[in-house]
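2 protein chains.
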Amino acid sequence: MVSSEKEMAASCGVEWRINMPDGSSEILTPEKGLVGRVIFGIKCMVLGLVWKIWDFLKKAWDLAIDDPKKVIHCLKVGIALTVVSLFYYMRPLYEGVGRNAMWAVMTVVVVFESTVGATIYKSLNRVTGTFLAGALALGIHWIASQSGEKFEPIIMGASIFLLASATTFSRFIPSVKARFDYGALIFILTFSLVSVSGYRVEKLLTMAYHRLSTIIIGTSFCIFISMLVCPVWAGEKLHLLAAQNLDKLANSLQACVALYFNDDNDDMAIDHKNLQGYKCVLNSKATEDSMANFARWEPAHGRFNFQHPWRQYLKIGASIRRCACCVEALNTCLSSENQAPEHLKKQLSNICLRVGSSCSSATKELAMTLKTMKKSAKTEFSIEELRSSVKDLQKELKSLPQSLVNQLHTAKAQQSAENEQKERVSTSTAVSLVEIIPLASFASLLIEVSVRIEGIAFAVDELAKLADFKSAEDEKIKQIQPIKIQPTQQ
Amino acid sequence: MVSSEKEMAASCGVEWRINMPDGSSEILTPEKGLVGRVIFGIKCMVLGLVWKIWDFLKKAWDLAIDDPKKVIHCLKVGIALTVVSLFYYMRPLYEGVGRNAMWAVMTVVVVFESTVGATIYKSLNRVTGTFLAGALALGIHWIASQSGEKFEPIIMGASIFLLASATTFSRFIPSVKARFDYGALIFILTFSLVSVSGYRVEKLLTMAYHRLSTIIIGTSFCIFISMLVCPVWAGEKLHLLAAQNLDKLANSLQACVALYFNDDNDDMAIDHKNLQGYKCVLNSKATEDSMANFARWEPAHGRFNFQHPWRQYLKIGASIRRCACCVEALNTCLSSENQAPEHLKKQLSNICLRVGSSCSSATKELAMTLKTMKKSAKTEFSIEELRSSVKDLQKELKSLPQSLVNQLHTAKAQQSAENEQKERVSTSTAVSLVEIIPLASFASLLIEVSVRIEGIAFAVDELAKLADFKSAEDEKIKQIQPIKIQPTQQ
Numbered sequence: 002m003v004s005s006e007k008e009m010a011a012s013c014g015v016e017w018r019i020n021m022p023d024g025s026s027e028i029l030t031p032e033k034g035l036v037g038r039v040i041f042g043i044k045c046m047v048l049g050l051v052w053k054i055w056d057f058l059k060k061a062w063d064l065a066i067d068d069p070k071k072v073i074h075c076l077k078v079g080i081a082l083t084v085v086s087l088f089y090y091m092r093p094l095y096e097g098v099g100r101n102a103m104w105a106v107m108t109v110v111v112v113f114e115s116t117v118g119a120t121i122y123k124s125l126n127r128v129t130g131t132f133l134a135g136a137l138a139l140g141i142h143w144i145a146s147q148s149g150e151k152f153e154p155i156i157m158g159a160s161i162f163l164l165a166s167a168t169t170f171s172r173f174i175p176s177v178k179a180r181f182d183y184g185a186l187i188f189i190l191t192f193s194l195v196s197v198s199g200y201r202v203e204k205l206l207t208m209a210y211h212r213l214s215t216i217i218i219g220t221s222f223c224i225f226i227s228m229l230v231c232p233v234w235a236g237e238k239l240h241l242l243a244a245q246n247l248d249k250l251a252n253s254l255q256a257c258v259a260l261y262f263n264d265d266n267d268d269m270a271i272d273h274k275n276l277q278g279y280k281c282v283l284n285s286k287a288t289e290d291s292m293a294n295f296a297r298w299e300p301a302h303g304r305f306n307f308q309h310p311w312r313q314y315l316k317i318g319a320s321i322r323r324c325a326c327c328v329e330a331l332n333t334c335l336s337s338e339n340q341a342p343e344h345l346k347k348q349l350s351n352i353c354l355r356v357g358s359s360c361s362s363a364t365k366e367l368a369m370t371l372k373t374m375k376k377s378a379k380t381e382f383s384i385e386e387l388r389s390s391v392k393d394l395q396k397e398l399k400s401l402p403q404s405l406v407n408q409l410h411t412a413k414a415q416q417s418a419e420n421e422q423k424e425r426v427s428t429s430t431a432v433s434l435v436e437i438i439p440l441a442s443f444a445s446l447l448i449e450v451s452v453r454i455e456g457i458a459f460a461v462d463e464l465a466k467l468a469d470f471k472s473a474e475d476e477k478i479k480q481i482q483p484i485k486i487q488p489t490q491q
Numbered sequence: 002m003v004s005s006e007k008e009m010a011a012s013c014g015v016e017w018r019i020n021m022p023d024g025s026s027e028i029l030t031p032e033k034g035l036v037g038r039v040i041f042g043i044k045c046m047v048l049g050l051v052w053k054i055w056d057f058l059k060k061a062w063d064l065a066i067d068d069p070k071k072v073i074h075c076l077k078v079g080i081a082l083t084v085v086s087l088f089y090y091m092r093p094l095y096e097g098v099g100r101n102a103m104w105a106v107m108t109v110v111v112v113f114e115s116t117v118g119a120t121i122y123k124s125l126n127r128v129t130g131t132f133l134a135g136a137l138a139l140g141i142h143w144i145a146s147q148s149g150e151k152f153e154p155i156i157m158g159a160s161i162f163l164l165a166s167a168t169t170f171s172r173f174i175p176s177v178k179a180r181f182d183y184g185a186l187i188f189i190l191t192f193s194l195v196s197v198s199g200y201r202v203e204k205l206l207t208m209a210y211h212r213l214s215t216i217i218i219g220t221s222f223c224i225f226i227s228m229l230v231c232p233v234w235a236g237e238k239l240h241l242l243a244a245q246n247l248d249k250l251a252n253s254l255q256a257c258v259a260l261y262f263n264d265d266n267d268d269m270a271i272d273h274k275n276l277q278g279y280k281c282v283l284n285s286k287a288t289e290d291s292m293a294n295f296a297r298w299e300p301a302h303g304r305f306n307f308q309h310p311w312r313q314y315l316k317i318g319a320s321i322r323r324c325a326c327c328v329e330a331l332n333t334c335l336s337s338e339n340q341a342p343e344h345l346k347k348q349l350s351n352i353c354l355r356v357g358s359s360c361s362s363a364t365k366e367l368a369m370t371l372k373t374m375k376k377s378a379k380t381e382f383s384i385e386e387l388r389s390s391v392k393d394l395q396k397e398l399k400s401l402p403q404s405l406v407n408q409l410h411t412a413k414a415q416q417s418a419e420n421e422q423k424e425r426v427s428t429s430t431a432v433s434l435v436e437i438i439p440l441a442s443f444a445s446l447l448i449e450v451s452v453r454i455e456g457i458a459f460a461v462d463e464l465a466k467l468a469d470f471k472s473a474e475d476e477k478i479k480q481i482q483p484i485k486i487q488p489t490q491q
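Line by line, the protein sequences are chains A and B. Taking our numbering, the leading residue of the first sequence gets 2, the next gets one more, and so forth. Taking our numbering, the leading residue of the second sequence gets 2, the next gets one more, and so forth.
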């Protein structure tokens, strides 16, 4: 899409081609004369605009197809807003809640986020911020009103200045920013609004009560809709993101090793999309952080308890990124100028492919552990298999020089036959040894990747302990037992 | 701070110790009896609370000392809010702008951000969103009012549902999210508020006019204060962040190489803080993205034009992170189990230290190019020096096996003297070759780092072209010339 846009941009001023639905195309050529040029210019503009809108709509459509949950969220917002508007349309409610119904509408617009956690976070922050600021503003307003007409504006102004500055500063403190950023904003907002209104409006208390009650109506409505109608949980998203990142890393790793050794058996693995998967992993920190922040506001849902250890996912994410960093270094070996010759690569090909595939399957097993939330003996087996394959690789690396020594001997034999200088022997060996370096560093990076996968395994294991994952085998036995018993019962 | 908190948490229930200002300490022991225990419990709680508040204040104080610009921002927000409140306090303005003055207050609270770019982004989005939504809502309101009392609520409800859903969806599209996220929110907000109010309030047009004018007053006030009083420019922050990241990377790299070869001359470089600098670089993507988004809203300021190529900083940032990824891999060589023996390390020590320091100085030169925004011949020299040192390292790597061959010959001589099997020769060589692998991979990672530094240099050079950096040498000549000319003129 972008490339075709560039083509169009490049061709602008040269020629404009319209592609007809039947496959033919028509070229727009600029007409001569002022009127002709103006018409051509307008045609150009309109077509450009149509193209841009078409492009935008196509992107939006792709996005909707790619993630239907986003569409559902939009419909939920639409429904929520329309329903809340009833509070204003319906006369009985109008008389009860009055003009302040606009606060309910405003609350729905501002508070309704795409995940349940974010909605609860904003709702609780909004209600608490409004309540605290309202109470404080009323208190200060009372003090100010007792101190005479001259001092009243001074006290109000000073209190606004001090509280606004202090609260704004608190938003820079990381622990406040993570949990109460929105609440602090609402605190400043409500405090200044109530202070300012308090100077004019009578029945301040009634207004404050109405405003708070409409906000509570709005927020609880948002929380219910977001939790009951196709809920999107931040915690679940975070959980799935970790599992997806592990899968991407596994595919990326396998593709990289297969491509390095030109492994034809593994055509499926060598896919450009798979190969570049680690890049998504490297850039996922911001999403993980915000999801973890929202997840802790969520009640128990699905397989997750209220006190699910969401922070541990950040540790898992960090260890996945550390591994992705190493896969990135591994990937550059593919495009490096210095490549080991094919005959050397062949010597390590089998064992490296084995290490690569056992790295990949261990990572996939870890992803499976996360997805199913069940500890499986398979994971331990795959880690053991990874360790043993790495040990074999290290052995092969040790035995690799032997073949080089054999080459040296062959070279020596040739040399003594030809009676040449000693110098030449060492040169021929040297070339072989320099040639080995790219392969050796590829292999040692692969070993480092395996070490980091063990780091991920450790973090996942910690999560399994903290969140009390069940053992997959125990469950299977439980499932099998009733089936075995049933026939005897019959 | 955290550790002492943990200590306290661990000791809670066992003993409470109060540290007096004179250095002595008093242990609180639980008294016997119910009353004693209750008093002890309350003491515990109060002390814990005091400790938490003290800790929070200390963190806030450290933050303020660390970045006084944040304090200035808070004072600016305080001043802006207090001044805007005058719009409401002062009677003539009250009569002009009326109750809608609260929209000015609300605008200041919501729109005032810590950087000029973010403030302008929010201001323009708020004004445009309010205007478009207001105009559309008035239009639909007019159509609805023409179609009879029955259809009016249906038309209003349907339009709210459709527009809210569509606009919410547009916020998921990356290009909209980056530029108009806040505007879309305000669009939904204003549209529903005007639609809902329109059903009850007469003089809708006057109200809309007043609301828009107060918002324009609020936003322009925010923009002026943020631009005129100690402005913090997002663009400048982005620019400095790139330079800082380069410096951190340079220090991290130098410390890593020095530590690997136990270089005692470079004690200054081996600093844990320096060594870990690359980690900040790896995590800077989110900040860079948001700064680049805000920077494009900013007018020309300082050394930056309006159309300064801010997007190029994202490319520079990406190339810096690619390099940091490689430095991370280099860093793990420090803690790896397989280490090359000291006598091998010594053979490459000098040249590797040279490559490390030339990598580091090239990176620092690039940082200097960014800081001064002047192209210097020094940068090219340092890149040339980097290339030549890398070539020398590659040569040394080639000549390194020669010494191993010499070792082999010595071993062979010993062996023929002792009449032992051929097997043993190859084993003794093999050990040396396996030992070389960690060193070889360190060296090839170092070479890869140098390649990526050239990538950064390329990105910085592109920026220099796009932003038309002046040459540092030309400016010096210009500065020197007038001094030379002056005496002859006199």
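Just so you know, these hints were derived from the structure itself, not from any lab. Some hints here could point you the wrong way.
You can't tell identical chains apart in this list, so a pair holds if it fits in one copy or across any two.
[What the hints assert, rightly or not] With a Cα cut of at most 27 Å, we get these calculated DSSO-like pairs of lysine-lysine:
id	residue 1	residue 2
1	K71	K286
2	K60	K178
3	K60	K316
4	K238	K286
5	K59	K178
6	K280	K316
No experiment lies behind these values; they were computed from the predicted model shown.
Can you name, in rising order, the numbers of the hints this structure does not satisfy?
No hint contradicted; all consistent.
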